Amino acid sequence: MKLRRRPFLGLIAAASLSGCARIATSLTQNQHVRALLEAPERLNLAILGAGQPLAQEYAEGDISPTFRHNGFDPPSSEQYQRWVRDDWHGFALRIDGMVERPASFDLPTLRNKFVRRSQITRHDCVEGWSVIGKWSGVLLADLLAAAKVKPLAQYVVFHCMDDDGTGNLYYESLDMRQAAHPQTLMAYDLNDRPVPVQNGAPLRLKVPTQLGYKSAKHVQRIEVVASLGGPLGRGGYWEDQGYEWYAGI
Amino acid sequence: MRIHHMNANVKRVYRHPLAVRLTHWVAALALGVLAMSGMQIFNAHPALYASDASTFGHSVLSIGADETPDGQPVGYLKIGGLRVKTTGVLGYGPDGMGGFEARAFPSWATIPAYRSLADGRRWHIFFAWVLVICAVIYAAWAFALWPNRKDLRELPKAARTHLIPWRVPATAELNPLQKLTYFGIVFVVAPVVVLSGLALSPAIDAHAHWLPQLFGGRQFARIWHFAGMIALIAFFVVHLLMVTMTGLVNNLRSMITGWFRVKGAI
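Here the protein sequences line up with chains H and B, keeping their order. Under the working numbering, the first residue of the first sequence is numbered 66, with each subsequent residue one higher. Under the working numbering, the first residue of the second sequence is numbered 1149, with each subsequent residue one higher.
Hint data in this document are derived by calculation from the structure and do not stem from the laboratory. From a predicted model like this one, the values you see are computed outputs, not experimental measurements. Beta carbons: idealized from backbone N, C-alpha and C, even for Gly. It is possible that some hints are incorrect.
What the hints assert, rightly or not - Which bits of chain B does chain H cover? Going by a derived footprint, with three or more residues having C-beta under 8 Å, they are:
| no. | segment |
| --- | --- |
| 1 | 1205-1213 |
| 2 | 1253-1264 |
Stated by the list, open to error - Quick partial rundown of chain H residues pointing at chain B, CB under 7 Å, derived from the structure:
| no. | residue |
| --- | --- |
| 3 | 82 |
| 4 | 93 |
| 5 | 194 |
| 6 | 195 |
| 7 | 206 |
| 8 | 275 |
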């Protein structure tokens, strides 16, 4: 009797769990429920967005043996392949939008004309894993200062060269406070070598206070805007797929 | 304590105040959703590492799928050096759409059933707030669970009574073993689960480096978070068994209306 009862109880447990999963699954498709589920994001930003606390920095010895990567394949365009072959000759990072002095900076300019900043920080992927790496580059705040942001600007948008395989280009955005954070970097080096293609060559945004998807790879253009929405969607490729714009949790 | 004498042998005792009843049911719902959406999140990278950063290939626990030499899919659970075949449930199981796929936890155990880290995170973070608000409301009553000398003195007797679980008598006050269990859940397991969850956030890490460090680093905090979930599920199973065996109707009624029936004189 007991032997038979046990699998039976297990079945009941699985069936009731399955029922809960099914109810929650259909609720997820309801737009009012979705709006409710997404509501805490603003609260999280309001609480955790206060101040400019620094992400933990590590020692050289803590650096992970390999900097794991995922996301899209590297950009497949002919132009990108040519740049890789020609050591980025002719590539320039464009800064435009709501700035007094729109500008383009090639890599030698970024390396030689701006202060080099380095940080050994932990990269936390939304999937759950973490790696530690040393990123070097230009403070985003320095770039924005060089282009002189106009007073009514609210967001900084990062346009990237990689796409999801169906032509949708990766993009990301930060608000002005996040953009001004003293660890928000436009990185050209990873572990003292030029950023490898799979990790975001030639320039990767690094935001160590948020999850990895904020740290957009292959950035080609920085656009300063007054608001998101319209062609800028919810402020990022993964945000458009339902992930939080505020990736601090 | 409010008592109604129903007849010479049975009286009703007002055992659970409204706030306790409400937070009990809301917390139960929240914990259920948190466990199931947590499994959805875990599915995105079903491996745990005993360190700050991930040590890929050297996990403490992982759930995965591979193939037999003749191409049959196999699901497995790996804990340290031990590997258990779990095809059909863990590693390789139902995808929620009538088929099977490589996924750590099966579709019937995750919220949502289909694979979506984004939606799982939305459910998880929403109900994390629900649980924390519940805990704040409940806090004023939680200290009733603090064990006193009498509880400790009567613990051996209570332990003996529980050797035959269906003979455990219905008493007006929590028996010492019950009280200690609830105490452990409310003051030990729940704080560990909540704090280790907070320790996973890079923004919270920036505000409080000590928090992930307290748990041995970010990836280690995932182990604590996972272990806490297992402890809560174990508690839930025993809780359901005890509620059923010691008078299902009386127990349920007391957690709905507050009134609990006790036989004999106090």
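Quick rundown of the hints versus the structure:
With a threshold of 8 Å between beta carbons, the proposed coverage of the segment 1205-1213 of chain B by chain H is violated, since 0 of its residues qualify and at least three are required. Given a C-beta distance limit of less than 8 Å, the hint that chain H covers the segment 1253-1264 of chain B holds, as 9 residues qualify and 3 suffice. This hint holds: residue 82 of chain H has a C-beta 5 Å from the nearest C-beta of chain B, less than the 7 Å allowed. Hint status for residue 93 of chain H relative to chain B: holds, with the closest Cβ pair at about 5 Å, below 7 Å.
The beta carbon of residue 194 of chain H comes within 4 Å of a beta carbon in chain B, closer than 7 Å, and the hint placing it at the interface holds. Taken as an interface hint, residue 195 of chain H checks out: its beta carbon lies about 5 Å from the nearest beta carbon of chain B, inside 7 Å. At about 17 Å, the closest approach between the beta carbon of residue 206 of chain H and any beta carbon in chain B exceeds 7 Å, and the interface hint on this residue is violated. With a least beta-carbon distance of about 6 Å to chain B, the hint placing residue 275 of chain H at the interface is held under the 7 Å criterion.
The structure is inconsistent with the numbered hints 1, 7, although it conforms to all the rest.
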